[in-house]
Every structure is written in structure tokens, then in C-alpha cells.
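Visitor: Chains as they are written, first to last, in my numbering: chain A, 2 to 302; chain B, 2 to 302.
Worth flagging that the hints you see were computed from the coordinates, not collected in a lab. These numbers were taken from a predicted model, which means no experiment stands behind them. One should not assume that every hint holds.
[Stated by the list, open to error] For each label pair, taking beta carbons as the anchor points, the in silico distance ranges come out as:
1. A:Lys256 / B:Asp292: 34 to 42 Å
2. B:Lys302 / A:Tyr16: 53 to 61 Å
3. B:Arg252 / A:Ser117: 39 to 47 Å
4. B:Lys267 / A:Glu262: 19 to 27 Å
5. A:Lys256 / B:Tyr223: 25 to 33 Å
6. A:Arg243 / B:Lys97: 37 to 45 Å
7. B:Ile248 / A:Arg243: 22 to 30 Å
For every residue, glycine included, the Cβ atom is placed at its ideal position computed from N, Cα and C.
Number of protein chains: 2
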Amino acid sequence: MKCKFCEKEAYIKLYHPKIPLCREHFIEYFERKVRRTIERYKLFKKDERILVAISGGKDSAVVSYILKKFNYDIQCLYINLGVRGYSDKCEEYVKKQCKMIDTPLHIVKIRELLGSGIGELRTTRPTCSYCGTTKRYISNKFAYDNNFDVVVTGHNIDDEASFIFGNVLNWNTQYLAKQGPILPGEGKFVKKVKPLYEVTEREIVAYASAVGIDYVTDKCPYSKGAITLRYKEIINQLEKIRPGTKIKFVRGFLKKRHLFEGEIEKGKINECKVCGMPSGGKVCSFCRIWDLREAVDLSIK
Amino acid sequence: MKCKFCEKEAYIKLYHPKIPLCREHFIEYFERKVRRTIERYKLFKKDERILVAISGGKDSAVVSYILKKFNYDIQCLYINLGVRGYSDKCEEYVKKQCKMIDTPLHIVKIRELLGSGIGELRTTRPTCSYCGTTKRYISNKFAYDNNFDVVVTGHNIDDEASFIFGNVLNWNTQYLAKQGPILPGEGKFVKKVKPLYEVTEREIVAYASAVGIDYVTDKCPYSKGAITLRYKEIINQLEKIRPGTKIKFVRGFLKKRHLFEGEIEKGKINECKVCGMPSGGKVCSFCRIWDLREAVDLSIK
Ligand SMILES: [Zn+2]
Ligand SMILES: [Zn+2]
Ligand SMILES: [Zn+2]
Ligand SMILES: [Zn+2]
Numbered sequence: 002m003k004c005k006f007c008e009k010e011a012y013i014k015l016y017h018p019k020i021p022l023c024r025e026h027f028i029e030y031f032e033r034k035v036r037r038t039i040e041r042y043k044l045f046k047k048d049e050r051i052l053v054a055i056s057g058g059k060d061s062a063v064v065s066y067i068l069k070k071f072n073y074d075i076q077c078l079y080i081n082l083g084v085r086g087y088s089d090k091c092e093e094y095v096k097k098q099c100k101m102i103d104t105p106l107h108i109v110k111i112r113e114l115l116g117s118g119i120g121e122l123r124t125t126r127p128t129c130s131y132c133g134t135t136k137r138y139i140s141n142k143f144a145y146d147n148n149f150d151v152v153v154t155g156h157n158i159d160d161e162a163s164f165i166f167g168n169v170l171n172w173n174t175q176y177l178a179k180q181g182p183i184l185p186g187e188g189k190f191v192k193k194v195k196p197l198y199e200v201t202e203r204e205i206v207a208y209a210s211a212v213g214i215d216y217v218t219d220k221c222p223y224s225k226g227a228i229t230l231r232y233k234e235i236i237n238q239l240e241k242i243r244p245g246t247k248i249k250f251v252r253g254f255l256k257k258r259h260l261f262e263g264e265i266e267k268g269k270i271n272e273c274k275v276c277g278m279p280s281g282g283k284v285c286s287f288c289r290i291w292d293l294r295e296a297v298d299l300s301i302k
Numbered sequence: 002m003k004c005k006f007c008e009k010e011a012y013i014k015l016y017h018p019k020i021p022l023c024r025e026h027f028i029e030y031f032e033r034k035v036r037r038t039i040e041r042y043k044l045f046k047k048d049e050r051i052l053v054a055i056s057g058g059k060d061s062a063v064v065s066y067i068l069k070k071f072n073y074d075i076q077c078l079y080i081n082l083g084v085r086g087y088s089d090k091c092e093e094y095v096k097k098q099c100k101m102i103d104t105p106l107h108i109v110k111i112r113e114l115l116g117s118g119i120g121e122l123r124t125t126r127p128t129c130s131y132c133g134t135t136k137r138y139i140s141n142k143f144a145y146d147n148n149f150d151v152v153v154t155g156h157n158i159d160d161e162a163s164f165i166f167g168n169v170l171n172w173n174t175q176y177l178a179k180q181g182p183i184l185p186g187e188g189k190f191v192k193k194v195k196p197l198y199e200v201t202e203r204e205i206v207a208y209a210s211a212v213g214i215d216y217v218t219d220k221c222p223y224s225k226g227a228i229t230l231r232y233k234e235i236i237n238q239l240e241k242i243r244p245g246t247k248i249k250f251v252r253g254f255l256k257k258r259h260l261f262e263g264e265i266e267k268g269k270i271n272e273c274k275v276c277g278m279p280s281g282g283k284v285c286s287f288c289r290i291w292d293l294r295e296a297v298d299l300s301i302k
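Okay, chain A solo, but in the shape it has when bound (with noise of 0.2 Å):
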């Protein structure tokens, strides 16, 4: 099969739509894409500061690498949250990565900073849960504490979409009026986007195959069976059925938005007696997960 675009042998069939493309057309195309969602969706400007939560896999890799491709001021943060077997693990390949990309990483060890990996913390909940919301408050506050202008993260389309999928299945709207490619910053929210948001799963591992990145495939011990991952499988189930219904599904959910704006609970937000960093009630769930007494430092010495 030969590219649509030149004489060269098909490196990839897209599926929506449906084209081969040759590997340097194919580059051109995904790189076009990413460019395109910065666009439309205003996520930063050229001379924004912009920290990227890399965690060794393929996402935040490639998206990484192309914002510096395309010139934009990046530095990386990687979170090593202690999980035994694997975190350090995903250290090396974000070291490989920046190394590669030439670009600064800075490293949190949840275990030095904190006394202990996320998977030792005594609780109730599942550990996924603690998780998201240690990486949320670190990656903020490290952008807060060192005047970054906006979090970069690498969630893709097929992210999104089971998100709003699996929301909706459960009506949990609360969650689905603030979901988004941007999320505007305020006060000591540091604006967070996501420019992979238009480029689905297969397109991202062809991308980093193309250019060459290598990358940790296992997942997280923790997430096995998330039910995510199910939903992820229907939605690529619905595509092959009627290709572009993710794309689809995900715009459409956007112009949408606003439906379920009235759902969000509106509590005050209080500063944090801890930390000083927003909460919803006197401790945020950061602090009071980990028990603090003071705020964590991530200002870089």
C-alpha cells in the first residue's frame, strides 16, 4: 500500500480518516494535529513557561518531545511515587526521555519527601484514588512554588473519551462540566491542558515509534482491571463500527459542556491550615491523606 501523499510505502492506516500515510507524512500529519488542538483550543502562548508531568510512558513522552520540537519553553517533572517494582523503573525511561529531548527534568520521590510510597499508605480507598489526587497537588503545587504558567499533561482522546463515557454512564455530571482540553488556572491553580487531546492511542504509539522514543509499557501494578480500560475497549468497538464516533463523541461532548455547568457543587474554597493551597474544607485532602504538619517545599534549590 502506497502513502496517499507520495510514492513511499504505507507506514500506517488511519482509520478516521481512512489513509495511509508514509512515515514522514505521517509525522507531518500528527505534528499538524497537535499544533492544530494548541490552536483551537488556545492552550498556551509561545512565551508561557510550560511544565510537562512526564511518567515514562508513551503519552507525556511524545507530547514532551513535540512541544520542544516546536520550540516552547519546557521543562519536565517526573513524581516517583514509590511504587516498589515499578517507579523506579519509569525514573530511568523519563531520564532517557529528557536526556533525548534535552530538556530539564525535575524529580519528586513521594518516599524521601513524604516517608513512604503511595502503596504503603494505610487507607480505606483504593489506591488509584490517593494516587490521582498526590499527583494532581504535586504537580500543581511544584508549578505554583516555581512560576510555571501551565501544567502540560498527556492525556489522549481515548483518555477523554472513556472519561466522559464512564461519567456519564454513572451520571456523575459533577465531574463533566469542568472536563476539557484546557482547564483555566486560578489563584494557586496553575492552568492545566492537554494537547494530545485530539490524537487517539494507536496514533501516539505509531508517532513514538516513528521518531523514535522509547518508552515503559507496563502499567501501574495498582490500575489492573481498571474498569477504564473496558470502556476504552467499547468505545474502540463503536469506532471500528462507525469510524470518527470518538472524535465525534468527544466534540460533541464539548459543545455540550455547559449543560452540566450548573452541577458543579459550589463550596467555598478555603486556604488550606496546612499548606495554604486550596480546599474545600479546613485540610485539603493532600495534607490530611499524608498527615501533615507543614506544607511540602517544592521550590527548586
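Given the coordinates of chain A, work out where chain B with the ligands should sit on it, guided by the hints.
Guide: Quick look at chain B with the ligands alone, frame taken from chain A:
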């Protein structure tokens, strides 16, 4: 496996809750569930005149059987759409079903009334869309012309879940606002209700077999490959992973349905120049599709 409530052998094992029931206890369970739906959503009262739209299939056969058993004042309507090799077969089943429960049956033959069968209309859109318009119009006008208080249909929770699912997937929010177990009457629109709203297809098949109802199992030839069948499969997959998904999805939707109310396109409702029934435009879609010069007369002679 024994029945949960007696010593008899189980006839069925329910998925949610996961309990085995003998034939008698299953019949009791199913009928109580339908009775509760009627009460919970206040579908109709004892003295209302009920028209059941019956098709020859399992759902409408079961709903007419059960309403008769509950001593409601019901009559049945079969609309013979003139689909060759299908509609006449359905008519035979309908006659048997109504004879079994000793209930008056009215038959409207589209070919005699309008000159051709539903599949023979020269149209650009798929037959199913004309079929839906025709069935809705005829059952409503038949009920209105003959002073019925309510039209009953056999829609079950699989139908409803897949309808909601499809409309969320495509964000057709305007269709969601009016979706539910009861659509109140207004002017010449007779009230529409769905007593099987909370029972599954699987339960309906088991009930029909338990009480000896015979029904058509073929699908209409025009409905083949309908995407709603795929939606039903997907919802059943989710139900297997998490029993209770279906009912939670549908009830959750009903709680949030108000969010979609602003999405209804509020055009002025006119009276159709041809038939006098409610219409968005000057001529209603039924009179337009069938190119009518005068109203069809559906009063019982
Ligand atoms: Zn090419
Ligand atoms: Zn705090
Ligand atoms: Zn029993
Ligand atoms: Zn009309």
C-alpha cells in the same frame, strides 16, 4: 439449583439481584416489578381506558397479557404496515395473543388505508424513520379518535438504555429531554406510557415462556443491522461486568433529565392543515409522507 424462596428447582437465575427463582416465584417477581413501575411513575389509574399498541413480538404480548391479568380496561391495536412476508405473519400472532387474553383487537391496515405498504414509499430516508412516524401517528390518532386515555407500548429497559446511550453518544440532547416511562398527554397528544420500563429483555422472554405466550421472533426485514442492536450488546457487556449497570444508567438518567430540558426546540405547535392534528409545520409529517389530501378516519365503526 433451588429457588431462593421455596424448595422447587430454579427456573431462572436473575442477574441483578443474583437470585435463582422457580417458575412461580419468577412470575410473582416479574409481575410485582411491573406493578411497581406503574405505581412509581404513576402511569395510569384503574378507570382509564387503555390502548395497547401490539406488534406480535414478545414485549407488547407480555404487556397486554399482564395488564389484562391486573384487570385494567384494555384494548389492543395492531398496525399492519404491509411489509411483505412479515406484517401478515405478525397479524396472525397478534390475533392469537388477543384471543388468549380475551381482549378486543383493532387492526389498521396501512395498505388499505393509504394505498401502499411502508416499504413501497418512494423516499430518500431509511424506511425505519417513516415507519416510526407512521406508527406514532396512527396509534395516537386512533387513541384520540376513540377516546382512549392512554397508549401503552412494550418498550423495555434494554430499549430505553440503548436509546439513551445512542443519544448521549451522538449528543442528541434534544431527544433526551422527553425520554422516560411516561409522556403526559397534551391537547390532541394522548398520554404514552411504558409499563415494562424497568424489566429486561431476558426477563420478558422468560416470563412469556413461563406463562405460555407465543410470539414472533423474526425482526422486521428493514431493521436489520440497526445500530441500536450494537448498543444493546454493549450495554449487556457492561451489565455482565457490573450487574445493575442498566437500571442505574436509566434511573440515573431520569434524575438528570431536567438538564436537557432547555434543549427542546420550542417551535409553535400548529394544527395540520390536512388532518387537524398537532404539527410543527403547516402539514404534519405523516400527511406529508403519505401525500394526503384529507385526514385518515380511524374511529371504530
Ligand atoms: Zn508520503
Ligand atoms: Zn494542604
Ligand atoms: Zn420458588
Ligand atoms: Zn396531518
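Visitor: Is the gap between the beta carbons of Lys267 of chain B and Glu262 of chain A within 19 to 27 Å?
Guide: 21 Å, holds
Visitor: When you take the CB atoms of Lys256 of chain A and Tyr223 of chain B, is the distance between them in 25 to 33 Å?
Guide: 32 Å, holds
Visitor: When you take the CB atoms of Ile248 of chain B and Arg243 of chain A, is the distance between them in 22 to 30 Å?
Guide: Given a distance of about 27 Å, which is inside 22 to 30 Å, the answer is holds.
Visitor: Does the Cβ pair Arg252 of chain B, Ser117 of chain A satisfy 39 to 47 Å?
Guide: 41 Å, holds
Visitor: Given the range 34 to 42 Å, decide if the beta-carbon distance of Lys256 of chain A to Asp292 of chain B lies inside it.
Guide: 37 Å, holds
Visitor: Do the Cβ positions of Arg243 of chain A and Lys97 of chain B conform to the proposed distance bound of 37 to 45 Å?
Guide: Holds - the Cβ-Cβ distance for Arg243 of chain A and Lys97 of chain B, about 39 Å, lies within 37 to 45 Å.
Visitor: Quick check on a hinted range of 53 to 61 Å for Lys302 of chain B and Tyr16 of chain A, using CB atoms only.
Guide: For Lys302 of chain B and Tyr16 of chain A the Cβ distance comes to about 58 Å; the hint holds.
The structure is consistent with each of the numbered hints, conforming to all of them.
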